[in-house]
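A.B. asks: As a plain string of letters, each chain reads:
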Amino acid sequence: MRQFVENIGRRSIGGISEFGQAAVVLYESLYWLFMGPRQRQPVRLHSVFAQAMDIGIYAIPIVIVLNMAIGIMLAIQGIYTLRVFGAENNVTLGVTLSVTREFSPMITGILVAGRTGSALAARIGTMKINEELDALTVMGIQPIRYLVAPALLAMIIMLPLLSWFADVVALLGAGLYVSAELGMSLGAYTNDVLRILSIDDLMHGLGKSLIFGVLIVLIGVINGANVTGGAEGIGRVTTRSVVHAISAIVITDMLFTFLLSR
Amino acid sequence: MDTVISVRDLVVYYGERKILKEVCMEVERGEIMVIMGGSGSGKSTLLRHLLSLEKPRSGSITMLDREISSASRRELLEVRKKIGVAFQFGALLSSLSVGENILLPLQEHTRLDQATMEVMLRLKLEVVGLAGFENLMPAELSGGMTKRAALARAIIMDPQLLFLDEPSAGLDPVVAAALDDLILQLRDATGMTLVVVTHELESAFKIADRITVLDQGDIVASGTVDEVRNNKSERVQNLLNRRSEERVTDVDAYLERLTGTRID
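Chains as they are written, first to last, in my numbering: chain A, 1 to 262; chain B, 1 to 264.
Some hints here could point you the wrong way.
Said to hold, decoys possible - Label pairs and their in silico Cβ distance ranges:
1. L161(A) to Q107(B): 52 to 60 Å
2. E6(A) to S58(B): 29 to 37 Å
3. S39(B) to G20(A): 28 to 36 Å
4. S58(B) to E232(A): 33 to 41 Å
5. R40(A) to A169(B): 45 to 53 Å
6. G20(A) to R17(B): 40 to 48 Å
7. N241(B) to G15(A): 46 to 54 Å
8. D65(B) to R40(A): 30 to 38 Å
9. G260(B) to E6(A): 16 to 24 Å
10. S233(B) to G20(A): 44 to 52 Å
11. R2(A) to R48(B): 34 to 42 Å
12. M73(A) to G260(B): 43 to 51 Å
To be verified - Straight-line Cα separation of at most 30 Å, DSSO-like style, residue types lysine-lysine; simulated pairs:
13. K206(B) to K232(B)
14. K81(B) to K128(A)
15. K128(A) to K18(B)
16. K55(B) to K81(B)
17. K82(B) to K128(A)
18. K55(B) to K128(A)
19. K21(B) to K128(A)
Unchecked claim - Computed list of chain B residues with no C-beta within reach of chain A, every gap over 12 Å:
20. R29
21. R48
22. R57
23. D65
24. S70
25. Q107
26. H109
27. T110
28. M145
29. R153
30. D165
31. L182
32. K206
33. K232
Because the hints were derived from the structure by calculation, they are not lab data. Nothing here was measured: the structure is a model prediction, and the numbers come from that model. Where is the CB? At the ideal position from N, CA and C, for every residue including glycine.
One chain only, chain B, in its complex shape (with noise of 0.2 Å):
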């Protein structure tokens, strides 16, 4: 198996805040690997940096074989041709019709002629539920159907390399499911490379070849489902069990908090 992404020591700060401490992590081709964190874990500001829409203070993260966080613009072009993203809110371009988005990146990139576009159009529409959908604008669309358009955009060049973010939050569980198993069979059919980040455990879960979990900027926990289910860390079951962290009370500090102004 040959590794697709390839992350080392990556470090991030906004201002003063250490966000991402030495992250090290891999994803092999055809695999499904979910970030998991909760709000807050940085799994975001990671995402972000793999998108290479953030440079890192420190580190590198090498994707298809390219070194992105250095690469020219070019390079970096070449790079983002062959990956595929799916945001949390579908990130629609809203003054374009469904259909003009999903076909936004291949007019942009190709020179197929309007026609072989219309048939891809209507094919990644079939594969994600949305045929017949193209002339809807996107504020017209529901929240599972946004998420399906956003995902038939990403698809559309056939991507090697397809990230999610948060496919399905903020959905009913009928729906959550449906985009679950979508995503499975666009893997199965396509064999490509998914990187999904998710705070929902079952659709991590169920979809997941590896998981990695990430809790204050540090990976807890990196392996199989069943890997990471059995992790004696606190942390990880903490967030596995939906269970609230205990909060180190440190008398003195709170005291400073609660009063603004420092105790020696």
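Next comes chain A alone, as it looks inside the complex (with noise of 0.2 Å):
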């Protein structure tokens, strides 16, 4: 008994400690973004390219692939559901919010969390145990400037661009399948679709998709540098980050929401 109390209170301190951690990568990344060339220690353009390749073009291929899917999903359920009242020629309305405003955002989210969150928590996480960490610090070369500022900056251009992106394959495949089955053009659905659309959804969902990548950024790195015990200490790690920054954005966006669209 006392023993499980003790580590309740344990795990509480470490995930406080984790929180205040992530403020001050958070504050120190944002610090060397904006003060960085002032102090003559900019933060390397070439490196935001690096990452913005990474986490976006990259990127696009598996995009199109689950966007496209979520499209056709949303459309099929969305006509199944609506054909009770008769109300099959609504769907589109279903769906553009849908996917403007929750399913793009969330499922880009979670896709880039599994391909870049857990990339960056295994990098630094190496990076840790080889001292590469170390070696940086002692050449005067701040790791959260070479290597996290970087990753944040091309996160927040990157992310919200890639859910727009994902916007367009997931209405264009609901539309195709709308098309087929309710014999409505795609011009005309195309119509609908931007009659409906307003930019407050679109910005609902692209927003949040910024706080989502500020929120995979700092969960990779916090857990990378975290590290303990060697080569198994990576895997662990690497499968925190994706299982929290995943948790993360749910939650996230259930909050966002909550507060946004009473």
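Two chains, two frames, some hints: make the complex.
C.D. replies: Next up, the structure:
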């Protein structure tokens, strides 16, 4: 019993200290992004580009596959549900709002958490175990400036762009199904989508994906930096970072939607 | 002679365990100071504090006329530009080639043009005997080559002070001897100050001007090679003659450890 309570206490303190670390990492990254150039220690653009390629461009094929499937799935479910009321023609409304406000930011976030968040955790973890982080520090190169800030900037730019692209793909997928099933032309479907969609709906989704991006980077970095116990430890923190990032994304999504949709 | 590093009453705890007990030492300009000690003696901990990778519980470390245990980030950066460090396992960034690794400090801290940097790179590669290997990745290097590449990266900024962590550990005797010669040549050519942490006796006696012997967080001897060799202290002689330590057996404590319960 005593051990049980002790464990709860220890885990709570561990969790709180990770929040603190995340806040420090975020502050330091932003500090270097804005203040680095003035101190002649800029965040290197080529690292940002390299990260952006990895986070965004290389993820495009899988984003297309997943979001096309999501779009079609939503159209199928939408038509199935609305048929009860004989209102199949309104399927576009449901699909458009759920894709832009919920599905594509979330699916894209989860995808990037799996691809990039885990890679970041593994990379930082390996560098810590090989003393590469210490080597950077003693060379006068802040690891946060050199490793974390480029990833954060690239993520903040690329994840919303990727989500926007995912919106287009998912809506196209839904459109293809709707036009085949209901005999509506793709042009008429597009008109409907554009009429329904407001800037607010779009920004709601993209704003969320920006927050998801920050969460993915912070969780990956914190898990990587806290690695212990060699190669096995790296496996553990990689898994942990993906699970944490996905949980954080889903919970933040719920809170964000709750606060902004009432 | 002026003092480059001065450590005063350095105390370090890991949790409840006292790792360094009021350690004091000084390193003079241009000398090779070897910090020697067995595993768990606290020598790696001392090095990490000298590199200000960790903050001490109490005590002060002055390096190149700056108090580094309380220095601001900017002051620390100025000191770090003047020191070079070669880690035990090289710690080369695995995502960069050998050449990119060695150039990294120049790219981050200077505004030299690419051509000048390339010349400096080739110069340092010649010094450590790795000419022509700049395009290999760190994973493709042997143990000795990794240490040489790490050394090249450590000296690329022409530091005043060079730290070497176990430079010859894990190498075969021939490669280790060559690396010792290289260290001596380097000091003679540049006049830099070196701090070498090692547990290899032979290497220590060959390169050292002065030796500091650490044991269980205490400095048990400090002086020239001959002074340390002739030190009468049992702990020093055990280390030098590779004798295992006589363990003092406390019967009660031993029983407590075995049974896992307190005996009153």
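A.B. asks: Does each hint fit the structure? Answer for all of them.
C.D. replies: To see whether the hints hold, each was checked on the structure:
For the pair L161(A) and Q107(B), the supplied restraint of 52 to 60 Å is violated, since their beta-carbon distance comes to about 29 Å. At about 30 Å, the beta-carbon gap between E6(A) and S58(B) stays in the expected band of 29 to 37 Å. Take S39(B) and G20(A): their Cβ atoms lie about 34 Å apart, and the range 28 to 36 Å holds. Roughly 36 Å separates the CB atoms of S58(B) and E232(A), a value that falls within the hinted 33 to 41 Å.
For the hinted restraint 45 to 53 Å between R40(A) and A169(B), the CB-CB distance of approximately 37 Å leaves it violated. At roughly 25 Å, the beta carbons of G20(A) and R17(B) sit outside the given window of 40 to 48 Å. Judged by the Cβ atoms, the range 46 to 54 Å given for N241(B) and G15(A) holds: they are separated by roughly 51 Å. About 23 Å separates the C-beta atoms of D65(B) and R40(A), a value inconsistent with the hinted range of 30 to 38 Å.
Distance hint for G260(B) and E6(A): a CB-CB separation of about 19 Å, consistent with the stated range 16 to 24 Å. The hinted range of 44 to 52 Å is satisfied by S233(B) and G20(A), whose Cβ atoms lie roughly 46 Å apart. Under the hint 34 to 42 Å, the C-beta atoms of R2(A) and R48(B), about 36 Å apart, fit the expected range. With their beta carbons about 59 Å apart, M73(A) and G260(B) fall outside the hinted range of 43 to 51 Å.
Restraint check: the Cα-Cα separation between K206(B) and K232(B) comes to about 21 Å, which is no more than 30 Å; the hinted pair holds. A hinted pair counts as satisfied when its Cα atoms are at most 30 Å apart, and K81(B) with K128(A) qualifies at roughly 22 Å. Note on K128(A) and K18(B): the hinted pairing holds, with a Cα-Cα distance of about 25 Å set against a maximum of 30 Å. Restraint check for K55(B) and K81(B): satisfied, since their Cα atoms lie roughly 19 Å apart, inside the 30 Å limit.
Distance restraint check for K82(B) and K128(A): the Cα-Cα separation of roughly 24 Å lies within the 30 Å cut-off, and the hinted pair is therefore satisfied. In summary, the hint linking K55(B) to K128(A) is supported, as the alpha carbons are separated by about 18 Å, within the 30 Å threshold. Of the pairs offered as hints, the one joining K21(B) and K128(A) holds, with about 28 Å between alpha carbons and a cut-off of 30 Å not exceeded. Annotated as non-interface, R29(B) keeps its C-beta farther than 12 Å from every C-beta of chain A; the closest such distance is 20 Å.
The Cβ of R48(B) does not lie farther than 12 Å from every Cβ of chain A; its closest approach is about 8 Å, which violates its non-interface assignment. Every beta carbon of chain A lies more than 12 Å from that of R57(B), the smallest distance being close to 20 Å; the non-interface claim holds. The beta carbon of D65(B) sits about 17 Å from the closest Cβ of chain A, which is more than 12 Å, so the claim that it is off the interface holds. In this structure S70(B) is separated from chain A by more than 12 Å, as the shortest Cβ-Cβ distance comes to about 17 Å.
Not every Cβ of chain A is farther than 12 Å from the Cβ of Q107(B); the closest lies at roughly 9 Å, contradicting the non-interface assignment. Against chain A, the non-interface label of H109(B) is violated: not every CB pair exceeds 12 Å, the least being about 6 Å. Its closest Cβ contact with chain A, about 10 Å, brings T110(B) to no more than 12 Å, contrary to its assignment away from the interface. The non-interface label for M145(B) is consistent with chain A: the shortest C-beta to C-beta separation is roughly 16 Å, beyond 12 Å.
Against chain A, the non-interface label of R153(B) is violated: not every CB pair exceeds 12 Å, the least being about 8 Å. Residue-level check failed: D165(B) sits 9 Å from the nearest beta carbon of chain A, not beyond 12 Å. Every CB of chain A lies more than 12 Å from the CB of L182(B), the least distance being 20 Å, so the non-interface label holds. Every C-beta of chain A lies more than 12 Å from that of K206(B), the closest at about 26 Å, which supports listing it as non-interface.
Distance check for K232(B) against chain A: the nearest CB is about 37 Å away, which clears 12 Å, and the non-interface claim stands.
Taken one by one, the earlier hints fail for this structure at numbers 1, 5, 6, 8, 12, 21, 25, 26, 27, 29, 30, listed in ascending order.
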